[in-house]
Amino acid sequence: MLKGVGIYIGRNEVIAVSAIRTSSGPQVKAFASEPIQIEAPPQDQDEEGKTNSKSKTTTPEAQAIRRVLEKIKEKGAYVTAAVSPSLVATRHFIMPAVPKGDEIGAIRHEATRYIPFRLADSIMDYHAQTNLKNVSSVTVTAIRKDVLQVGLEDLRLGSAKVLMIEPVYCAVGRAFSALRMLASAKTQGFVVLQSDGNVHVTFASGGIVYLSRDFLLSWNSDEDKSRFTDELKASIDFFFKLTGGEVLTQIFLAGAGDLKLWAEHLEHAFNYTIRFDCASFPEEKKIPPEALHSALVAFGLALRPLNYASPLGEIKLLPKEDRCAEPLKKMTFLGVECVAIFILFVLVRLVIFQPMLKQLENENAGILESANRDYPELASRSIEDLTSQSNALRPRLERLNKFIKYRGRPSSVLTSLGKGLPLSIALESISVDEKNAEGGKKINIKGLCFVGSAEKETNVVSAWVKALAANKVLSALFPEIKLDEVSREKKQDMAMTRFSVVGE
Amino acid sequence: MAALRIREQHKDLAIKILLAVGLCTAFFYALIRPVFSESILLRQQIQDSQAKIKLSKDVQQLKDELQVAEQPFAAMSMRSSLVGRISDIANKKKLDVQTLTPKTTPEGEYVVIKVEISAQAPFFSLLNFLKDMETLEPPFSVSSLSLVQLPYVRTRENPSGKQQIRLSMETLLLKQARKGKKI
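Keeping their order, the protein sequence lines are chains A and B. Going letter by letter, the first sequence gives residues 1193 to 1696 in our numbering. Going letter by letter, the second sequence gives residues 25 to 207 in our numbering.
Note that these hints are calculated values from the structure, not bench results. Yeah, the Cβ is synthetic: ideal placement off N, Cα and C, and Gly gets one too. A hint or two may mislead.
[To be verified] Cβ-Cβ distance ranges computed for the label pairs, FRET-style:
id : chain 1 : residue 1 : chain 2 : residue 2 : range
1  : A       : Val-1665  : B       : Ile-113   : 21 to 31 Å
2  : A       : Pro-1480  : B       : Gly-46    : 42 to 52 Å
3  : A       : Ser-1418  : B       : Ala-38    : 54 to 64 Å
4  : A       : Ser-1572  : B       : Ser-142   : 53 to 63 Å
5  : B       : Leu-160   : A       : Asn-1564  : 42 to 52 Å
6  : A       : Ile-1596  : B       : Ile-113   : 16 to 26 Å
7  : A       : Val-1665  : B       : Glu-140   : 17 to 27 Å
8  : A       : Ser-1351  : B       : Ser-63    : 47 to 57 Å
9  : A       : Gln-1341  : B       : Ser-63    : 54 to 64 Å
[What the hints assert, rightly or not] Counterexamples of contact, computed for chain A against chain B with all Cβ distances above 10 Å:
id : residue
10 : Thr-1250
11 : Glu-1262
12 : Ala-1375
13 : Leu-1458
14 : Pro-1480
15 : Tyr-1500
Just need the whole structure built from these sequences, with the hints factored in.
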């Protein structure tokens, strides 16, 4: 259920109301008021020290705000607030209608003539209406920045989260409008009596506030009655002049004090030409009417977040950057933000990354599908398995290839040796052995040569060795064939040459 | 020094930005980051598939080559008949075989059978024997050969005399007979 909290910070008290919106209209959920207690001077130095340190963090107004929020069980609530109308200046003026884009600048410039403090040091808002004569009727409300800042800090120190600060007349107009007390009359008057003696008078016509002023009562009954009547009469006359002859027929009273008594007195004083009415709360039977009247401003403030419009315009005295976002709006924004980011990431995943993954999956499936036709067992085998099988097969093949490569043809070696053998040479022995593990061979030939002359025998042997080295079959197997040893020997009185040939 | 004022709008903006950053981080880790690891996994799978295909091709090629290379070689069970065949060839080529010693040594998937022959024969008998051995299946490799001329005795059958021959031959035997190979 929607709930709003309004806080009115007066000069001597703080009033808070929490209200809810029901089908039968707005209802007060809780209300409370707390006096603003100015603390007594410290007793001794220690107490002074403590008080000073405390005053740095909180103020009497802040303490009252905290207490009043605790009373209505709305500590830390989002609130709409108003400060005493004596701190706010409201002025009406007319000016030629200007295009919407230039309106703010023109009104701001015009307002400098009416607002009693520098606009550069103020926060200002306005409510303008353009009539048929191309003339804008403008109500400007301004508050000094330092005053606003103090009020804002008090509210924050009092645990409130401030949604908006608005002038009192907006809240009062909203409250009477929500209570359906404003008839279709063009003119309306609102008088708010405050417990500090301040009386706030607002007269409006057609939704434009023409007059918003304050005067003080002295709490002397007779003196106050004549003063009230005089001030009101002067205000009504001023309003009559400003509006060009519009007459107030009904004025609403709100605030502290005996309002019925005041209403009777004023109706009598104005010879019953003006009707004075107090707020009527048909739904609030359990709460005394006096209490409700005194809380009407805060009630009107509490109705703002419940989407009750003020007939006197929605004046905003809190700069945008100092406003707390409404919880519902904030949560809605954050929710939308969450959903938007989620959708963005889902889209990025689905549009960019998912097709990429799908493409890779298809690529892999395509590779495997074509490979499975050629190698059906591929899917069931791991890389390690295949590698180990390859590693097992390779040495076997290498072993067989090596065997075939270095097998050789010994018959061709012997044939080559025999073919060119001179008749003067007799071979005693031939041995072919393995030279190394790589399959290299070594040949050793021993023999005798007899010609009759050592020189000739040596020449015959050398020529034969040369012929052997030039032989294709032998040179392929034994790249270097050389005469290793040559010696002369006598055998049965015959001298001959013994030789040894090595090939490797 | 002016105190830094944090306005409500800034707080709201900070909350929105922090939430956005937090959500972006969370969704990145939940939705996007797994894609990278999944992509790496898929790429790895593709590489593995390609590697498996290459390895399968290699293995198949090796198997084919091995089948061809092993074709002429006999199985271990043929050892005794092989020695008999060598002896027969030697007798046929008139080699006077004094000793014929087979010796087997296991070597991986094969068994090396080394046959050492000591014989006496004329040169041409040896030559013919070697020629027959070279055409024999399974193939033999002559690892060493030694011929020493014996004292010269001319006979009618052997006018050039005999050689003392020491011959060492070896071949590989398959530990297991291949399918379809006749023993």
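Right, here's what the structure says about each hint:
1. A:Val-1665 x B:Ile-113: 21 to 31 Å: holds (23 Å)
2. A:Pro-1480 x B:Gly-46: 42 to 52 Å: holds (51 Å)
3. A:Ser-1418 x B:Ala-38: 54 to 64 Å: Because 57 Å falls inside the window, the suggested range holds.
4. A:Ser-1572 x B:Ser-142: 53 to 63 Å: Distance hint for Ser-1572 of chain A, Ser-142 of chain B holds at roughly 55 Å.
5. B:Leu-160 x A:Asn-1564: 42 to 52 Å: holds (44 Å)
6. A:Ile-1596 x B:Ile-113: 16 to 26 Å: Because 21 Å falls inside the window, the suggested range holds.
7. A:Val-1665 x B:Glu-140: 17 to 27 Å: holds (25 Å)
8. A:Ser-1351 x B:Ser-63: 47 to 57 Å: holds (52 Å)
9. A:Gln-1341 x B:Ser-63: 54 to 64 Å: holds (56 Å)
10. Thr-1250: holds (17 Å)
11. Glu-1262: Non-interface label stands for Glu-1262 of chain A: nearest chain B Cβ at 22 Å, farther than 10 Å.
12. Ala-1375: holds (39 Å)
13. Leu-1458: It holds; Leu-1458 of chain A is separated from chain B by about 42 Å at its closest Cβ, greater than 10 Å.
14. Pro-1480: Consistent with the label, Pro-1480 of chain A stays out of reach of chain B, its closest Cβ about 37 Å off (over 10 Å).
15. Tyr-1500: holds (23 Å)
In terms of the numbered hints stated before, the structure departs from none.
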